[in-house]
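K.L.:
Spelled out from the first residue to the last, the chains are:
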Amino acid sequence: MKERERPIRILIAKPGLDGHDRGAKALTLALRDKGMEVIYTGIRQTPESIVQTAIQEDVEVVGLSSLAGAHNYHFPRVAELLAEGGNSDVLIIGGGIISEEDVASLKEKGIKEIFGPGARTEDIVNFIRQNVKRGGGQK
Amino acid sequence: MPDHIRELVRGMLNGSQNSLAQLISLVENDEWKVDDILDKDRLALREIWRLGITGPPGAGKSTLVTGLVKEIRGKGLSVGIIAVDPSSAVSGGAVLGDRIRMQQYFLDRKVFIRSVTTRGSYGGLSKSIPDIIRLLEAFGKDIIMVETAGVGQSEVAIKGMVDTVIVVLTPEGGDSIQFMKAGLIEIADIVVVNKSDRVSSDIFASEIMGVLSINRKTGWQVPVINTQAINGIGIESLYQEIEKHQKFLEMTRPGSSNMKS
Numbered sequence: 001m002k003e004r005e006r007p008i009r010i011l012i013a014k015p016g017l018d019g020h021d022r023g024a025k026a027l028t029l030a031l032r033d034k035g036m037e038v039i040y041t042g043i044r045q046t047p048e049s050i051v052q053t054a055i056q057e058d059v060e061v062v063g064l065s066s067l068a069g070a071h072n073y074h075f076p077r078v079a080e081l082l083a084e085g086g087n088s089d090v091l092i093i094g095g096g097i098i099s100e101e102d103v104a105s106l107k108e109k110g111i112k113e114i115f116g117p118g119a120r121t122e123d124i125v126n127f128i129r130q131n132v133k134r135g136g137g138q139k
Numbered sequence: 001m002p003d004h005i006r007e008l009v010r011g012m013l014n015g016s017q018n019s020l021a022q023l024i025s026l027v028e029n030d031e032w033k034v035d036d037i038l039d040k041d042r043l044a045l046r047e048i049w050r051l052g053i054t055g056p057p058g059a060g061k062s063t064l065v066t067g068l069v070k071e072i073r074g075k076g077l078s079v080g081i082i083a084v085d086p087s088s089a090v091s092g093g094a095v096l097g098d099r100i101r102m103q104q105y106f107l108d109r110k111v112f113i114r115s116v117t118t119r120g121s122y123g124g125l126s127k128s129i130p131d132i133i134r135l136l137e138a139f140g141k142d143i144i145m146v147e148t149a150g151v152g153q154s155e156v157a158i159k160g161m162v163d164t165v166i167v168v169l170t171p172e173g174g175d176s177i178q179f180m181k182a183g184l185i186e187i188a189d190i191v192v193v194n195k196s197d198r199v200s201s202d203i204f205a206s207e208i209m210g211v212l213s214i215n216r217k218t219g220w221q222v223p224v225i226n227t228q229a230i231n232g233i234g235i236e237s238l239y240q241e242i243e244k245h246q247k248f249l250e251m252t253r254p255g256s257s258n259m260k261s
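Each protein sequence line maps, in turn, to chains A and B.
Here this note's numbering is used: position 53 in the first sequence is 53, and no number is missing along the way.
Here this note's numbering is used: position 16 in the second sequence is 16, and no number is missing along the way.
Treat the hints as calculated values from the structure; they're not laboratory data.
Owing to the predicted nature of the structure, the values given are computational and were not obtained by experimental measurement.
Just so you know, not all the hints are guaranteed correct.
[Said to hold, decoys possible] Restricting the straight-line Cα-Cα distance to at most 20 Å, the calculated cross-link-like pairs of lysine to aspartate or glutamate (EDC-like) are:
(1) B:K159 / B:E250
(2) A:K133 / B:E236
(3) B:K75 / B:E236
(4) B:K110 / A:E48
(5) A:K25 / A:E122
(6) B:K244 / B:E47
The following block holds chain A by itself, in its conformation from the complex (with noise of 0.2 Å):
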């Protein structure tokens, strides 16, 4: 193993029918800033093709930034598409307009951690570094 610390791999995407990607192309430029390699595929993902590239690109961590309402069937989907694929050490973590109560069964349902409007840049990478599980290839 060498003895440089490899970049943390991480896929932000934005599932369902909602075009705001303000935010998610905010913290997509604050984590490179912080040394990641970021994934961005852009607005109107599915669940499916978000799993797939997070499967394909062996990312660590999956970011999912939803203001369209629909957070409570997509982050949960990612969720089980990637425990289904033998992928559940996937670190989950979602941002967006969603209310206290949803953050509470999104968290029973796989989603790590919610960052809502004015969450700090720093609370969520270190929150990221804190929690990543696997490196590269190694589960």
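The hints should help you fit chain B onto chain A, whose structure is shown.
P.N.:
For chain B alone, coordinates are given in the frame of chain A:
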């Protein structure tokens, strides 16, 4: 070889994208070399074709690759894509955005896309590319495309890694003197002038053709193809030229009975 690596190799050879993706990470992270984990005999058996797509940033490389995927899939062939984007010299991080052009193939099981960062390498490539190509070969892909990060004039490392180099330019690329200079244009097996709906695209294309026609070395006349990748225009002609180049290389390969003396 540790058991978990052996298991990943077995999984990959049985068609698991999961295992392939994890093996790519291992070679990318310099933890393993392909030579140490793959049986060499296995690789020599199959005929695969490797394409390199290179050119300046924003020329339309990813969109062109997506157009080529359509042609390749239309022929029933499978394809692996390695899309390179630059790592930040400041933070080491990267934004990998080539996939975004390829969305329609995210769920096609015959298309495997992997984004790779340069991680300090030059030439619009990463040093792990040859190993990643070999993993995709072993996985059973018929065609492999390597899309470099956007390059300038002198990034030519792709030449040694693929069979056919496609250089993608846009009509703003300069005059004939630019193409007489050494560098990118020298390694082209095919030149694409993308965004050919733009003003003076025809003049640009003929300037390149002019320079290429007075500098024939290998017996292969480098074609110049006009495309509008985003509208799918010219992609079919491009694919035909790729096939012609493939045939040309097969004919002139040492040992071929058709080889010119």
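K.L.:
Are K244 (chain B) and E47 (chain B) close enough, with their CA atoms no more than 20 Å apart?
P.N.:
With Cα atoms ~16 Å apart, K244 (chain B) and E47 (chain B) stay inside 20 Å; holds.
K.L.:
When you check the alpha-carbon spacing of K133 (chain A) and E236 (chain B), does it fall within 20 Å?
P.N.:
Since the Cα atoms of K133 (chain A) and E236 (chain B) sit roughly 45 Å apart, the hinted pair is violated (cutoff 20 Å).
K.L.:
Does E48 (chain A) lie within 20 Å of K110 (chain B) when you go C-alpha to C-alpha?
P.N.:
holds, 16 Å
K.L.:
CA of K75 (chain B) to CA of E236 (chain B), is that 20 Å or under?
P.N.:
holds, 12 Å
K.L.:
Check the hint pairing K25 (chain A) with E122 (chain A) against an upper bound of 20 Å on the C-alpha distance.
P.N.:
holds, 16 Å
K.L.:
If you draw a straight line from the CA of K159 (chain B) to the CA of E250 (chain B), is it 20 Å or shorter?
P.N.:
holds, 17 Å
Hint 2 from the earlier list is the only one contradicted by this structure; the remaining hints agree with it.
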